[in-house]
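Chemist: Turn these sequences into a full structure, and let the hints guide you.
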Amino acid sequence: MNDATTARSLLTAGAVRARAETLLAAGLADRLDHFSVDPARLGPCADAVVATIRDAYPDLAIPYHARWRHFAVGGFERWGSLVHAALWTDAAERARAAFDLVVVSVLLDAGAGPTWRYEEGRTGETYARSEGLAVASFDMFVSGLFSAEPENPFRVDARALASLTEAELAAGFQAGPANPLVGLAGRLALLNRLGQVAAADPEGFGPEARPGGLFDRIVAGARDGVVTADAILSALLAHLGPIWPGRIVLDGVDLGDTWRHPLAGGEGETAGLVPFHKLSQWLAYSLLEPLEEAGLAVAGLDALTGLPEYRNGGLFLDAGVLALKRPQEAGVPHPVESRLVVEWRALTVALLDRLAPLVRERLGIDDPDALPLAKVLEGGTWATGRRLARERRPEGAPPLAITSDGTVF
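Residue numbers for the sequence shown follow the working numbering, so the first one is 101 and each next one is one higher.
Treat the hints as calculated values from the structure; they're not laboratory data.
Everything numeric in this text was worked out from a predicted model, so none of it was measured.
Just so it is clear, CB atoms sit at the ideal spot from N, CA and C, and this is done for glycine as well.
Heads up, a few of these hints could be off.
[Claimed, not checked] If you anchor each label on the Cβ, the simulated ranges turn out as follows:
no., residue 1, residue 2, range
1, 424, 156, 26 to 36 angstroms
2, 277, 491, 26 to 36 angstroms
3, 420, 303, 45 to 55 angstroms
4, 497, 172, 17 to 27 angstroms
Modeler: Structural data, given as structure tokens:
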């Protein structure tokens with residue numbers, strides 16, 4: 101069996117992009133079960149994204165699409181305030197703490213549901229969805245909930261994660277019957293497994309068994325102070341792979357956020373499999389800044405793909421690039437493994453690759469490195485997807501309903 105047909109070949113952004121392109125080709129040929137594709141609508145879609153960018157970033161100084169944006173919601177730089185208060189002795193230790201925080205926060209960042217809210221004690225503000233999850237996870241981090249060392253609260257370690265209870269996590273999220281959070285049990289299981297995996301993998305998580313140990317693992321692979329985005333994702337997929345719920349396993353390899361579709365292409369055991377690795381890629385994007393602040397340069401950013409989640413996917417539906425062949429399917433929830441959801445996510449990835457050059461062209465940017473996909477997403481497609489959703493549906497609900505266990509969307 102050659103390398104292209106093995107399980108590990110699916111643990112790359114290149115595999116995500118290739119299988120997504122295959123399904124887009126099927127969509128353009130009108131061979132998909134659930135969606136039709138109208139490429140003529142990509143131009144107006146790009147116009148909508150550019151309008152959002154010019155409104156939010158008139159100087160085009162767009163940051164990366166990363167969890168750090170949510171930690172600054174409401175104009176309060178929560179991480180910056182913590183950096184000033186904490187007694188980290190060097191840049192590497194600060195980076196490990198940043199990895200600790202963002203790994204846990206991203207793993208908790210699946211859809212919260214339409215009614216959940218979080219009231220922040222320090223500001224009195226109330227937040228929902230991704231911003232609420234971010235602020236809640238930041239508060240749990242600062243409180244020392246994820247540290248087994250009371251005298252050293254601003255860290256995350258295997259012992260605390262493995263022993264975390266549903267009651268503790270629910271309290272941290274202010275979740276309960278009157279404030280339900282979708283997928284609470286799934287989120288807890290993910291953190292518990294992260295603790296177990298970190299304790300058993302000193303190569304990835306270091307002698308302290310911390311998510312922050314991944315910083316040292318990634319730095320060890322740098323050459324002349326440069327690390328590639330591909331290498332960041334590879335490290336995450338290699339060392340975080342076992343934390344995902346039991347899904348598809350090939351040759352003993354956990355494939356995580358990988359699903360089946362008969363038109364996905366491929367050969368051998370990987371035929372018909374569609375990888376996305378959404379949370380892992382969201383995490384890779386969110387690790388760029390801690391690495392750069394620690395003195396490393398990150399190359400090859402556009403090796404990573406766009407994120408197949410409901411804001412980007414909703415953008416293409418609300419902009420008319422995608423349409424359901426049976427509109428009534430929008431009215432019922434769909435499981436993440438369904439062909440409808442797999443098609444929607446794959447089309448989102450492939451269409452983001454086509455949209456980004458149109459956005460750059462309209463902004464007068466010739467060099468893709470000047471506006472990489474990581475910034476197009478932030479500027480950008482995610483914000484436009486949210487804006488269009490708010491204009492069209494109560495509470496800004498996405499155009500499709502997904503049954504989530506808290507570990508995918």
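Chemist: A separate judgement is required for each hint: does it hold in the structure or not?
Modeler: The hints, checked one at a time:
1. 424 with 156: 26 to 36 angstroms: Holds - the Cβ-Cβ distance for residue 424 and residue 156, about 30 angstroms, lies within 26 to 36 angstroms.
2. 277 with 491: 26 to 36 angstroms: Holds, since residue 277 and residue 491 (Cβ atoms, about 32 angstroms apart) stay within the stated range.
3. 420 with 303: 45 to 55 angstroms: With a Cβ separation near 48 angstroms, residue 420 and residue 303 satisfy 45 to 55 angstroms, so the hint holds.
4. 497 with 172: 17 to 27 angstroms: For residue 172 against residue 497, whose Cβ atoms are near 25 angstroms apart, the range 17 to 27 angstroms holds.
Violated hints are absent here; each numbered hint is respected by the structure.
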